[in-house]
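Enquirer: Here is how the chains run, residue by residue.
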Amino acid sequence: MKVEAKHELESAKKVMTGADVLINALVEAEVDTIFGYPGGAVLPIYDAIYRSNAQFEHVLSRHEQGSIHAAEGYARVTGKPGVVIATSGPGATNLVTGITDAMMDSLPIVIFTGQVASNVIGTDAFQEADVMGITTPITKYNYQVNQLSELPGIVKEAFHVASTGRPGPVVVDIPKNISAELSTAVYESHFELPGYQPNKTPNPLQIIKLTDALSRAKKPIVLAGAGVIFAKATNELIEFAEKYHLPVTNTLLGLGCFPGSHQLSLGMAGMHGTYAANMGLYECDLLINIGARFDDRLTGNLKHFAPHAKVAHIDIDPAEIGKNVQTEIPVVADAKEALEALLKRSVELGDQLVWKERLARYKQDYPLWYERSDQQISPQWLLERVHQITDGEAIVTTDVGQHQMWAAQFYSFEKPNRWVTSGGLGTMGFGFPAAIGAQLGAPGELVVSVVGDGGFQMTAQELAVVKERNLPIKILIVNNQALGMVRQWQESFYEERYSESLFVQNPDFVKLADSYGIRGMRVNKEEDVQEVLEEAIGFDGPVVVDCQVVQQTCVYPMIAPGKGIHEMIGVSK
Amino acid sequence: MRRIITATVQDRSGVLNRITGMLHKRQFNIESISVGASETEGLSKMTFVVEVSDHQKLEQLTKQLNKQIDVLKVSDITEKAIVARELALIKVGGSGQLRAEIQGIITPFRATVIDVSRDSLTIQVTGRPDKVEALIALLRPYGIKELTKTGVTAFLRGQQPNQVTELNSFTI
Chain A
1 MKVEAKHELE
11 SAKKVMTGAD
21 VLINALVEAE
31 VDTIFGYPGG
41 AVLPIYDAIY
51 RSNAQFEHVL
61 SRHEQGSIHA
71 AEGYARVTGK
81 PGVVIATSGP
91 GATNLVTGIT
101 DAMMDSLPIV
111 IFTGQVASNV
121 IGTDAFQEAD
131 VMGITTPITK
141 YNYQVNQLSE
151 LPGIVKEAFH
161 VASTGRPGPV
171 VVDIPKNISA
181 ELSTAVYESH
191 FELPGYQPNK
201 TPNPLQIIKL
211 TDALSRAKKP
221 IVLAGAGVIF
231 AKATNELIEF
241 AEKYHLPVTN
251 TLLGLGCFPG
261 SHQLSLGMAG
271 MHGTYAANMG
281 LYECDLLINI
291 GARFDDRLTG
301 NLKHFAPHAK
311 VAHIDIDPAE
321 IGKNVQTEIP
331 VVADAKEALE
341 ALLKRSVELG
351 DQLVWKERLA
361 RYKQDYPLWY
371 ERSDQQISPQ
381 WLLERVHQIT
391 DGEAIVTTDV
401 GQHQMWAAQF
411 YSFEKPNRWV
421 TSGGLGTMGF
431 GFPAAIGAQL
441 GAPGELVVSV
451 VGDGGFQMTA
461 QELAVVKERN
471 LPIKILIVNN
481 QALGMVRQWQ
491 ESFYEERYSE
501 SLFVQNPDFV
511 KLADSYGIRG
521 MRVNKEEDVQ
531 EVLEEAIGFD
541 GPVVVDCQVV
551 QQTCVYPMIA
561 PGKGIHEMIG
571 VSK
Chain B
1 MRRIITATVQ
11 DRSGVLNRIT
21 GMLHKRQFNI
31 ESISVGASET
41 EGLSKMTFVV
51 EVSDHQKLEQ
61 LTKQLNKQID
71 VLKVSDITEK
81 AIVARELALI
91 KVGGSGQLRA
101 EIQGIITPFR
111 ATVIDVSRDS
121 LTIQVTGRPD
131 KVEALIALLR
141 PYGIKELTKT
151 GVTAFLRGQQ
161 PNQVTELNSF
171 TI
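Note that the protein sequences, when read in sequence, are chains A and B.
In this text, residue positions in the first sequence follow the numbering used here: the first is 1, and each later residue adds one.
In this text, residue positions in the second sequence follow the numbering used here: the first is 1, and each later residue adds one.
Among the clues, some could well be false.
[Claimed, not checked] Straight-line C-alpha distance at most 20 Å; calculated SDA-like pairs for lysine to any residue:
| hint | chain 1 | residue 1 | chain 2 | residue 2 |
| --- | --- | --- | --- | --- |
| 1 | B | Lys63 | A | Gln263 |
| 2 | B | Lys63 | A | Ser215 |
| 3 | B | Lys63 | A | Gly564 |
| 4 | B | Lys67 | A | Asp317 |
| 5 | B | Lys45 | B | Gln103 |
| 6 | A | Lys323 | B | Arg26 |
If you're looking for bench data, these hints aren't it; they were derived computationally from the structure.
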């Protein structure tokens with residue numbers, strides 16, 4: 001009897017590796033998908049994944065950059081943290097672009113990097129890189145694990161930091177000796193962060209100031225950014241706008257947080273935004289910014305940005321308030337809580353008929369426009385067709401550049417979390433791997449990846465992942481045989497000296513897809529577009545469509561660099 | 001304008017690197033930083049002397065410091081009644097008669113000679129930066145061979161007067 005009890009006690013004290021401790025911590029954090037790539041310093045972690053019967057998927061990319069962009073797409077669509085594992089040295093440094101991208105666009109990502117063993121850190125060991133030093137400026141926070149006992153607490157803290165307040169990427173660097181360490185101890189996952197207490201609730205005085213300003217305003221406008229999406233505050237925003245009949249404009253990353261077809265929507269503002277949105281921002285006397293950070297691609301020359309307006313700024317990150325634009329009414333809060341507080345108060349608005357008529361006229365007289373080519377496919381028309389065929393319901397991912405702007409302009413978004421694009425960092429090669437993460441995060445949804453021929457070639461190797469998992473992603477290459485936006489700027493500002501922006505040699509994208517066992521299609525005439533797109537989108541499986549479009553098309557309207565928001569060029573034909 | 005900013009931070013690894021990295025990345029002009037233990041175990045105190053162009057920049061600086069996860073509290077104490085000190089070690093050339101002359105200069109500054117060699121002596125001075133600067137200026141003609149300063153460390157006086165005047169404020 002006694003012997004038996006002792007035996008039981010011993011078997012309860014299971015010997016685990018540090019990597020097993022990590023896996024348990026990931027299970028506790030309710031991780032369902034991991035994007036990663038193995039290597040020397042993470043061998044113990046991959047061994048633990050192999051042995052584990054935990055219910056998560058590991059998605060093997062073909063380059064670490066593919067892993068992190070997929071995790072970003074997953075985070076964008078699900079609102080949950082994306083999880084990445086990479087090895088030390090080159091594995092970690094291959095993540096740098098994606099980590100920076102997530103930092104700029106406030107995406108919750110938790111990244112686990114392997115590190116060389118503790119006793120050789122600092123000796124330039126094989127595959128050693130100073131991951132802490134490299135990632136400090138590009139993460140919300142980062143950790144190096146010094147003792148196994150810290151690991152569960154660090155993992156819990158990392159998920160907390162990544163997904164609360166203003167979300168962002170968090171790196172956990174784990175030396176190999178720690179993931180390999182054997183232990184029978186049970187560790188606590190307790191953490192304390194006295195210096196990190198994000199404030200979600202607005203100051204009632206500022207809410208009163210804001211509603212008072214609203215009651216006095218003659219020309220109010222709402223600028224809604226991605227903060228509304230992170231706070232899941234779309235319904236509150238619609239209610240607030242409708243209550244006071246406020247015109248709403250979106251930032252690039254805010255698209256979808258307010259329905260694009262809504263009567264009060266002015267569309268996207270900024271460098272390639274609508275004339276109505278930008279003139280609204282220029283002429284307004286009250287600007288209510290909800291969850292946007294006044295990025296320079298939005299404001300244009302700050303001297304001319306909302307020059308006559310009282311500015312109210314609702315942001316969970318106090319450091320964004322007053323950073324670029326002087327703000328009279330600062331509201332440090334979660335967008336949802338701030339909007340709820342605003343909705344609780346009711347004020348009478350003055351007569352704004354003149355203002356509304358003015359904006360309505362801008363909207364009517366200067367809609368987004370483009371010229372149809374009689375030879376080849378016009379890219380804007382192509383994006384309009386994609387919208388029509390998908391009923392505007394698809395999740396759309398893009399890189400950066402012309403195709404991104406055309407998608408933003410002509411694929412009108414009605415719902416949040418369906419627009420996955422690289423805004424702040426402007427990363428080529430983002431859109432396609434992000435679509436993989438988006439599709440895994442939203443398995444039943446239609447995911448359309450709109451990419452350029454340049455950007456697609458930066459991460460095209462991830463086609464292997466699409467095939468492996470038979471992800472039914474529709475990859476539309478807006479192929480203009482050029483780095484379109486670079487070409488456009490060279491045309492406009494460098495006297496048509498097209499330095500290194502025109503591709504002489506592109507791969508045969510149909511054959512490329514075919515080599516991965518993926519269906520490839522090509523379209524180069526407008527009359528075939530409808531049929532090809534319908535076929536591709538209706539197809540039960542992944543498809544790559546090489547859409548050959550006019551090379552010379554430029555994105556308009558535009559605020560030229562250094563110009564004010566009221567100095568748009570190309571507002572009409 | 002020159003400001004004195006103090007920050008209470010958690011003693012976590014890399015905290016100084018995080019903060020100086022952020023200041024560098026956001027192009028703040030730091031004249032000095034001093035760091036050391038505080039009255040509470042696990043917490044350190046940092047004192048920054050910074051040169052900022054306007055109030056907007058200053059607000060950004062305090063907000064960006066506060067945003068750091070390891071930072072618990074940030075105070076701009078420039079316009080408060082404070083005590084602020086720095087320490088300088090100054091090695092000057094000198095032997096024989098010169099030594100007596102130097103001794104005569106440093107005495108009113110309550111500076112002390114802490115090392116003497118055949119042809120040089122090392123002086124330690126503690127005080128407000130203007131006082132330290134004044135002594136350095138006086139010693140310069142004797143040939144300063146080596147100079148090192150700790151940077152300012154500061155905190156609020158035990159009692160804040162109703163009005164901070166030039167007498168109890170700290171001029172920088």
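Enquirer: Each hint: holds or not?
Expert: Hint by hint, here is what the structure shows:
1. B:Lys63 x A:Gln263: 38 Å, violated
2. B:Lys63 x A:Ser215: 30 Å, violated
3. B:Lys63 x A:Gly564: 28 Å, violated
4. B:Lys67 x A:Asp317: 8 Å, holds
5. B:Lys45 x B:Gln103: 35 Å, violated
6. A:Lys323 x B:Arg26: 11 Å, holds
In the structure shown, a violation is registered for the earlier hints numbered 1, 2, 3, 5, in ascending order.
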